[in-house]
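Please construct the entire structure, taking both the sequences and the accompanying hints into account.
2 protein chains.
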Amino acid sequence: MSILVVGSIALDSVETPHGKAEDSPGGSALYFSAAASLFAPVNVVGVVGEDFDFSQVDFLKRRKVDFTGLKIEKGETFRWGGRYHQNMNKRDTLYTYLNVFETFQPQIPNIYRNSKFIFLANIDPELQLHVLESIESPTLTILDTMNFWISGKRAELDKVIKQVNVIILNDDEIRELAGENNINYAAQKMLIKGPQVLVIKKGEHGAVLVTKNDYFASTAYPVQTVIDPTGAGDSFAGGFVGHLACCSQLTKENFRKAVIYGSVIASFNVESFSFLKLKEISREDVEKRLEIFRNMTCF
Amino acid sequence: MSILVVGSIALDSVETPHGKAEDSPGGSALYFSAAASLFAPVNVVGVVGEDFDFSQVDFLKRRKVDFTGLKIEKGETFRWGGRYHQNMNKRDTLYTYLNVFETFQPQIPNIYRNSKFIFLANIDPELQLHVLESIESPTLTILDTMNFWISGKRAELDKVIKQVNVIILNDDEIRELAGENNINYAAQKMLIKGPQVLVIKKGEHGAVLVTKNDYFASTAYPVQTVIDPTGAGDSFAGGFVGHLACCSQLTKENFRKAVIYGSVIASFNVESFSFLKLKEISREDVEKRLEIFRNMTCF
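In the order they appear, the protein sequences are chains W and C.
Going by the numbering used here, 164 is the number at position 173 of the first sequence; the sequence numbering is gapless.
Going by the numbering used here, 119 is the number at position 128 of the second sequence; the sequence numbering is gapless.
A few of these clues could be false.
When chains are identical, the list treats them as one kind, so a pair holds in a single copy or across two.
[Claimed, not checked] Derived pair list, reagent style SDA-like, types lysine to any residue, alpha-carbon separation capped at 20 Å: (1) LYS107 <-> LEU131; (2) LYS193 <-> ASP163; (3) LYS248 <-> PHE290; (4) LYS55 <-> PHE45; (5) LYS184 <-> ARG166; (6) LYS11 <-> GLN47; (7) LYS279 <-> CYS289; (8) LYS180 <-> THR216; (9) LYS62 <-> TYR88; (10) LYS65 <-> ASP42; (11) LYS193 <-> ASN175; (12) LYS107 <-> LEU61; (13) LYS279 <-> ASN204; (14) LYS193 <-> ASN161; (15) LYS81 <-> ASP162.
It is worth saying that the hints were derived from the structure and are not from the lab.
As structure tokens, this is what we get:
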């Protein structure tokens, strides 16, 4: 079933200990699409400026990513610049130019209104609410957010949280959102607020999935050399949602496997700048790495 | 088969956000014994002062821990005092009084010389070498050490490393030992130096086992409330070695399962001050938690 993603499209300039890339395509919606399109068709709602070079996302079109919902506005595309520290776990933002993204008002094309899997990437919760209202009867709604909205637009964010099925956050974000240091208690607290599923990403340490009746803990796939961590979270979400969109039923087992697909896809993503690696791989590569992952963790 | 452990026996005064315990029995040899004795008989070589209250380790004797190799010297038992920070991942040492442990010279009783599983807890590498020379034909020798010896007695430590089969370290220690930030590369570097197996403990993030032909990654058992992390590493080693001492063959599968037993035992250990929890539980409790662990991680 097709997936709808609403999020940012950016041109990133990133510096890591392994080199740098300038004005590479990025943003949550593109990272997510590059990942999820390995599993299912993806519909993108976002905005770019007139400077955006569409030849860079031609491969996504070939993978059935639909850009009907992509607006081209006068002005420049959202730009972000960042530099990662030696250990890659920290980064400094060098600049953020919102440009056309500043006034982004997601409009859901009619042909997207019956989308079944909705990924609300990290944008203003007011806009996320608007997206939810535009969808007819989704099967699964999945939310990402960040500290900026958790502290800055909490009332609006709480309304979104009440309506979604799944929240995907990293460990620091879930702690802040729940006001609770222990991530397992934090997840339990958030489950009372509406969502049925919490996915907590712990970077190189794996991920945890918590529902009322299930607890699943997984390690991360051990990447030999992390080239650029940008987009790891969005590509994780892409693998997670992508797998679920292929499942005939949303069982406990499928949610667990979705976490593993998320980890596998994120592990590919960080092996290159931008989403060059996700562009290069096939679904077969994903399945191979999933089997390596399984062999690496079974006892 | 019986296990020999050579290490410290201490009286610890520990303060954590959950309370404090004064002059509780601790030290690497006792934490290890409390854990490993859930699996197999343990022989202890160590030293205490005249102030040591043996009634505190009566339960270990009932579990076939043999203290023939324990010397009682004139003076006081090794004392350590520490205070854990709010998040439990950091601690300050308040005092270290080596007392009778300062001049500890491990002497291996004749009846211990044919021990098959030898755990060299974190002591001076010169003493560890001496222990290795005293053992007739061990099946498996397992080494623990710490930054103090890695930087302070490197030449002696390297001699021990050359002779042992297994090294168990935490992530920071393996990085320091190998001079390599990526723990997977670090493990590969250490495998060239002699040992066949590297076990890297990552605390709340699990553990990794690396051999020439195997790579196994595991999460940690999610403890609801960590009361006191002291002895987590030694009790992990106790579960790890304990399981292997029960195996008829040292297969890849048994080494992997040993890591899980280590994690399970460590998870019990941190649920109380000193080794009160390890005293209370039975082998059946261990098996139950192992099954929960398995269910929690399968996909």
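- Item | Within, between, both or neither, where LYS107 and LEU131 count as close if Cα-Cα is 20 Å or less | Answer is within: at 6 Å inside a copy they meet the 20 Å cutoff, but 56 Å across does not.
- Should LYS279 paired with ASN204 be assigned to within, between, both, or neither, using CA atoms and 20 Å as the limit? Between copies only: 18 Å across, 30 Å inside.
- Item | Homo-oligomer pair classification [ARG166, LYS184; C-alpha up to 20 Å] | within (15 Å within a copy, 42 Å between copies)
- Given identical chains, is LYS11 near GLN47, meaning Cα to Cα at most 20 Å, within a copy, between copies, both, or neither? within (18 Å within a copy, 60 Å between copies)
- Query: Given identical chains, is LYS193 near ASN175, meaning Cα to Cα at most 20 Å, within a copy, between copies, both, or neither?
  - Reply: both (12 Å within a copy, 18 Å between copies)
- Query: For LYS279 vs CYS289, is the C-alpha pair at or below 20 Å within one copy, between two copies, both, or neither?
  - Reply: Answer is both; intra-copy 16 Å and inter-copy 18 Å each pass.
- Message: Treating 20 Å as the Cα threshold, decide for LYS107 and LEU61: within, between, both or neither.
- Response: within (19 Å within a copy, 68 Å between copies)
- Query: Is it within, between, both, or neither for LYS248 and PHE290, if the alpha carbons may be no more than 20 Å apart?
  - Reply: Both, since 17 Å and 6 Å are each at most 20 Å.
- Query: For LYS55 vs PHE45, is the C-alpha pair at or below 20 Å within one copy, between two copies, both, or neither?
  - Reply: Within one copy only: 15 Å inside, 72 Å across.
- Message: Regarding LYS193 and ASP163, is the shortest C-alpha distance of 20 Å or less found within a copy, between copies, in both, or in neither?
- Response: Classified as both: same-chain Cα gap 9 Å, cross-chain 18 Å, threshold 20 Å.
- Message: If the cut is 20 Å between Cα atoms, do LYS62 and TYR88 qualify within a copy, between copies, both or neither?
- Response: This pair counts as within: shortest intra-copy Cα distance 18 Å, inter-copy 70 Å.
- Query: From the Cα coordinates, with 20 Å as the cut-off, is the pair LYS65 and ASP42 best called within, between, both, or neither?
  - Reply: within (9 Å within a copy, 82 Å between copies)
When held up to the earlier numbered hints, the structure conflicts with none and fits them all.
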